[in-house]
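Visitor: The residues making up each chain are set out below.
Number of protein chains: 2
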Amino acid sequence: MSDKLIKKPVTGMKDMLPYEMEIRDYVEQTVREVYGSFGFEHIETPVVEHIENLCSNQGGENEKLIFKIMKRGEKLDIAGAKAENDLADSGLRYDLTLPLSRYYSNNSQSLVMPFKALQIGNVFRADRPQKGRFRQFKQCDIDIIGDPSNLAEIELVNATTTLLKRLGFGGFKVRINDRRLLKAMGAYAGFSEAELPEVFIILDKMDKIGMDGVESELKEAGYGADSVDKYIGLFKDYDDTAEGVRRIGDKLQGSVDAGVIDDLTEIFAAAAGAGSADFKLSFDPTLVRGMGYYTGTIFEIEMEEFNSSVAGGGRYDGMIGRFTGQDVPACGFSIGFERIITILLDKGFKVPESPKKTAFLIEKGMDGEKLALIMNEAKERRNNGETVLIARMAKNKKFQKENLEKSGYTEYKDFYRN
Amino acid sequence: MSDKLIKKPVTGMKDMLPYEMEIRDYVEQTVREVYGSFGFEHIETPVVEHIENLCSNQGGENEKLIFKIMKRGEKLDIAGAKAENDLADSGLRYDLTLPLSRYYSNNSQSLVMPFKALQIGNVFRADRPQKGRFRQFKQCDIDIIGDPSNLAEIELVNATTTLLKRLGFGGFKVRINDRRLLKAMGAYAGFSEAELPEVFIILDKMDKIGMDGVESELKEAGYGADSVDKYIGLFKDYDDTAEGVRRIGDKLQGSVDAGVIDDLTEIFAAAAGAGSADFKLSFDPTLVRGMGYYTGTIFEIEMEEFNSSVAGGGRYDGMIGRFTGQDVPACGFSIGFERIITILLDKGFKVPESPKKTAFLIEKGMDGEKLALIMNEAKERRNNGETVLIARMAKNKKFQKENLEKSGYTEYKDFYRN
Numbered sequence: 002m003s004d005k006l007i008k009k010p011v012t013g014m015k016d017m018l019p020y021e022m023e024i025r026d027y028v029e030q031t032v033r034e035v036y037g038s039f040g041f042e043h044i045e046t047p048v049v050e051h052i053e054n055l056c057s058n059q060g061g062e063n064e065k066l067i068f069k070i071m072k073r074g075e076k077l078d079i080a081g082a083k084a085e086n087d088l089a090d091s092g093l094r095y096d097l098t099l100p101l102s103r104y105y106s107n108n109s110q111s112l113v114m115p116f117k118a119l120q121i122g123n124v125f126r127a128d129r130p131q132k133g134r135f136r137q138f139k140q141c142d143i144d145i146i147g148d149p150s151n152l153a154e155i156e157l158v159n160a161t162t163t164l165l166k167r168l169g170f171g172g173f174k175v176r177i178n179d180r181r182l183l184k185a186m187g188a189y190a191g192f193s194e195a196e197l198p199e200v201f202i203i204l205d206k207m208d209k210i211g212m213d214g215v216e217s218e219l220k221e222a223g224y225g226a227d228s229v230d231k232y233i234g235l236f237k238d239y240d241d242t243a244e245g246v247r248r249i250g251d252k253l254q255g256s257v258d259a260g261v262i263d264d265l266t267e268i269f270a271a272a273a274g275a276g277s278a279d280f281k282l283s284f285d286p287t288l289v290r291g292m293g294y295y296t297g298t299i300f301e302i303e304m305e306e307f308n309s310s311v312a313g314g315g316r317y318d319g320m321i322g323r324f325t326g327q328d329v330p331a332c333g334f335s336i337g338f339e340r341i342i343t344i345l346l347d348k349g350f351k352v353p354e355s356p357k358k359t360a361f362l363i364e365k366g367m368d369g370e371k372l373a374l375i376m377n378e379a380k381e382r383r384n385n386g387e388t389v390l391i392a393r394m395a396k397n398k399k400f401q402k403e404n405l406e407k408s409g410y411t412e413y414k415d416f417y418r419n
Numbered sequence: 002m003s004d005k006l007i008k009k010p011v012t013g014m015k016d017m018l019p020y021e022m023e024i025r026d027y028v029e030q031t032v033r034e035v036y037g038s039f040g041f042e043h044i045e046t047p048v049v050e051h052i053e054n055l056c057s058n059q060g061g062e063n064e065k066l067i068f069k070i071m072k073r074g075e076k077l078d079i080a081g082a083k084a085e086n087d088l089a090d091s092g093l094r095y096d097l098t099l100p101l102s103r104y105y106s107n108n109s110q111s112l113v114m115p116f117k118a119l120q121i122g123n124v125f126r127a128d129r130p131q132k133g134r135f136r137q138f139k140q141c142d143i144d145i146i147g148d149p150s151n152l153a154e155i156e157l158v159n160a161t162t163t164l165l166k167r168l169g170f171g172g173f174k175v176r177i178n179d180r181r182l183l184k185a186m187g188a189y190a191g192f193s194e195a196e197l198p199e200v201f202i203i204l205d206k207m208d209k210i211g212m213d214g215v216e217s218e219l220k221e222a223g224y225g226a227d228s229v230d231k232y233i234g235l236f237k238d239y240d241d242t243a244e245g246v247r248r249i250g251d252k253l254q255g256s257v258d259a260g261v262i263d264d265l266t267e268i269f270a271a272a273a274g275a276g277s278a279d280f281k282l283s284f285d286p287t288l289v290r291g292m293g294y295y296t297g298t299i300f301e302i303e304m305e306e307f308n309s310s311v312a313g314g315g316r317y318d319g320m321i322g323r324f325t326g327q328d329v330p331a332c333g334f335s336i337g338f339e340r341i342i343t344i345l346l347d348k349g350f351k352v353p354e355s356p357k358k359t360a361f362l363i364e365k366g367m368d369g370e371k372l373a374l375i376m377n378e379a380k381e382r383r384n385n386g387e388t389v390l391i392a393r394m395a396k397n398k399k400f401q402k403e404n405l406e407k408s409g410y411t412e413y414k415d416f417y418r419n
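These protein sequence lines are chains A and B, in that order.
Quick note on the numbering used here: the first sequence kicks off at 2 and runs consecutively.
Quick note on the numbering used here: the second sequence kicks off at 2 and runs consecutively.
It should be emphasised that the hints constitute simulated quantities derived from the structure, not laboratory data.
Don't take each hint at face value.
When the alpha-carbon atoms are kept at most 30 angstroms apart in a straight line, the in silico DSS-like pairs for lysine-lysine are as follows [said to hold, decoys possible]:
| hint | chain 1 | residue 1 | chain 2 | residue 2 |
| --- | --- | --- | --- | --- |
| 1 | B | K139 | A | K15 |
| 2 | A | K5 | B | K65 |
| 3 | B | K132 | A | K76 |
| 4 | A | K76 | B | K15 |
Quick caveat: nothing in here was measured; it's all calculated off a predicted structure.
Generate coordinates for the entire structure from the input sequences, incorporating the hints supplied.
Guide: Here it is in C-alpha cells:
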C-alpha cells in the first residue's frame, strides 16, 4: 500500500515522551499516597458517558465542547438523522464531577459513608487548540459525598495543600466564598434572581478587568446605576478574614441566611488552628468560579510563585439529586494536574530516588551459554533495585552511549563474544 | 427538572469500586517497577486516534468494533453524509500497538535506540456485551523497537515472566512459533499464498476443536485431501524443544529460510540459561495468534493453574513502515491485564503492606480550637504513613463503625465536644 498513515496525534492531543511521563507518574504516585493518607479511596469511571447525562445542563460551556460518539450498527440511521444527537449515543466525559455523581448514584450501597473519592483521569474538550491547552488532559479530583458539615471543606483544603507542599510548593493562599453569599449580595444590590447568572459572569472577570471594568461592564449591560453602585460598594475595602465575613453578614442582614455566615466563620476558626502553618485562608466576596452546579462554599488555591489558581472546588449539593431524585451533600476539589506538571517541567524538577541505570551492551552473535550468564547478572542487579537495559552493541558505540546518557544511563558494561 | 439522568454506566463499561481499584493500582505499580527495572520507559498516546489510522487494515476484526467520534462544527455535514466515515474524523483506539507505531514514527528523533516502551492504557472495542468482557478495558504492553536481534524476544519474555512471578504466579509455559515458519508449512503442504489467511484461521481453532476438527474443517472448506493430510502430518507428534524446531526445519528444506530456524533455536539456547528457573519455552507449530501484522516470532504465555493464555505477542517489523515508508524492527508483548485482575480478585488477593487505617469520629459542633488539635494529631499520624479518616460522628455509631470496618478501618477514636 502506498498511502502513508498519519504520524501526528489528532489535533490538540499529545504524545507523552518518557521524560515527561516520569514526572507525571511521580506526581500521580504522590497524589495517591497523600490523598490516600486522608482516607480518599481511588475509583474510576469509564471515559465514555451517556449523551443524555453529558448534555444535561450540568457542564455549562463544556457541553459545547463534547466529543460525541456515533451509534453503531442498525441504530445508526444516517438518512433519517436531523440533528447531531440523532447520530450519537454517548460521548467522552468533559469533567470528573458529573461521572462521579452518576457513579455514586449507581453504587452508593457498596460505598462507605461519607464517601471520600479520589479520581485521576483523562477528560476531553474540543476547545480551540492553543499553546499549553490540550483536548485530552488529566484531572485529579477529590470529593466528599454525604458529609453536610464543613469538616468536608476543611479536609479537602488540608489534603490539597498537604499534597502541593509534598510536591515542593509553598505559600498557599486559599480564597474562599459561598454561592449563597454571592446570591445574597446580588439580592441586596437589587438584582433579580434571573439576572444573577449574567451578573456573576461579569463579576468573574475581576481578575482580568479590575473593579472599574466590572462596574462599567455591568452598566453597559443595562443594569441600573443604583444597583451597580451598591453592588460594587460591597467589594471595596473588604476584610479578607473571618471578621470580614461577619461584617458583610451584618450589611446583608435580611438578605442572607445566618447559617451561611456561621459556616464560613467556622471554616476560618478550624483552619486557623489546623492549617495555619500550611496555608492562609482568605475571604474573597468576588470569587465566582464558573460551574453552575455549585450550591455553597467555593474555593481556589493560589501559590506564591504563580499568580493563577492551581486548584479549586466547592459544594454541589444538587447534582446527585438529578440522578436519584434526592439531593445528597457533596463537596469536591480539583487540582490543575496539567498546570502542575508544566510548572515542574519548567522548574527542571527531578524525580527523587530514581534507580541507578546501567546498560549492558552485547556484541552480535553471543552464544547462548554466555548470554545466560549475562542475563543472570542483570537479574541480580534488577532484584537489587537497579535498572538494567540489555541491548545489542551498536557499530558506533560512542554514539550509542551518548544517546543512552540522555536517557539517564550512568554505567555501561560491554560484553564481547570472546 | 423532572427527567432523571441515567445511573448505570454505558453498555459494556464498568464503574471501578475501591476494593478493585486498590488491586489494580498495586498491579500497575508493580508493572512499572518490574518493567522499569528492565529499562522499559513508560509512555502514553491519546486514547483518540485518526480514523484513517484506525481503519488501515492493521487491526483485523477489531476494525469492525471501533467507537467512532463525530466531526464537529462546520465539518459535520449530516445532510451530505453517505457513509459512517463521512461523519467521523477519529475514534477510540482498539489496541496500543497501532498508536505506538504512530508515536514512534512521530517522535523517533527524541527516543533512545533501541526504544523500549511500556504502555498501560485503556482500549475500546464495541464487542457484543458478555460476562467478564468489557468495552473499555486496560491493556499493558511492552515493545522493543529498533532491535532486529532475538535479544528483544528474550528480554520481553524474561520481563513478563518476572512480572507475573512478582504477582504471585508460577509454572509458566511460553509457547513459541514463527509466522515465517507458519507460511513455510503452508507452502510445503501445497496451499497458495492467497489461501493461507483462511488456513490459519482454521488452524487457530486447534485449542477448541482439536486436530481432527481442524482436519475436517479444512476439508469442508474445499482444500484437497493431499494438502490437508500433508499439513496435518506436520503437527502430529512434534517435539516442543529446539530439537523439534530443527526437525521441522529439515522437513521443510526448500520451503523455509534457514534464518528462521536459526532464530528460533537461538532463542531456545539463550532462554535455556537465562530463564530456565522461571519458565519453560515450548515450541508449538500450531500457534497462530490472530493479528495479521505479525511478521516473525509469536509467543503466548500460559500459567500452571489457568489453562488459557495470560500474555502474548510477537514481531511486527512492517507496521512502522506504514507510517514512515521504511520498515523498522519491532517486537511486542501484551499481558492480559483484566484477566490477571480477575484471577487476583477470585483468589482473594490482598495488597501487601497497605497502611494502617484509623478513623477519627468527631461529634457535631466541635469548636475550632479543639478541632485544630485533632487535625494536628491526624497530620502527625498521616506523616508517619497511617491513613486517617476524619468524619462527623454518625447518630448510629455502631452502624458507622461496621461500615468503616468493611473499608479496612481497624482503629477508631471518638472525639466529643466536652
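Visitor: Please work out if K132 of chain B and K76 of chain A have their alpha carbons no farther apart than 30 angstroms.
Guide: Given pair K132 of chain B, K76 of chain A holds - Cα atoms ~23 angstroms apart, limit 30 angstroms.
Visitor: Taken at face value, is the distance from the CA of K65 of chain B to the CA of K5 of chain A at most 30 angstroms?
Guide: This hinted pair holds, its Cα atoms lying about 21 angstroms apart.
Visitor: Measure nothing beyond the straight line between the CA atoms of K139 of chain B and K15 of chain A; if it is 30 angstroms or shorter, mark the hint as holding.
Guide: Holds, at roughly 20 angstroms.
Visitor: Between K76 of chain A and K15 of chain B, does the CA-CA distance stay at or below 30 angstroms?
Guide: 22 angstroms, holds
Violated hints: none; the structure is consistent with every hint.
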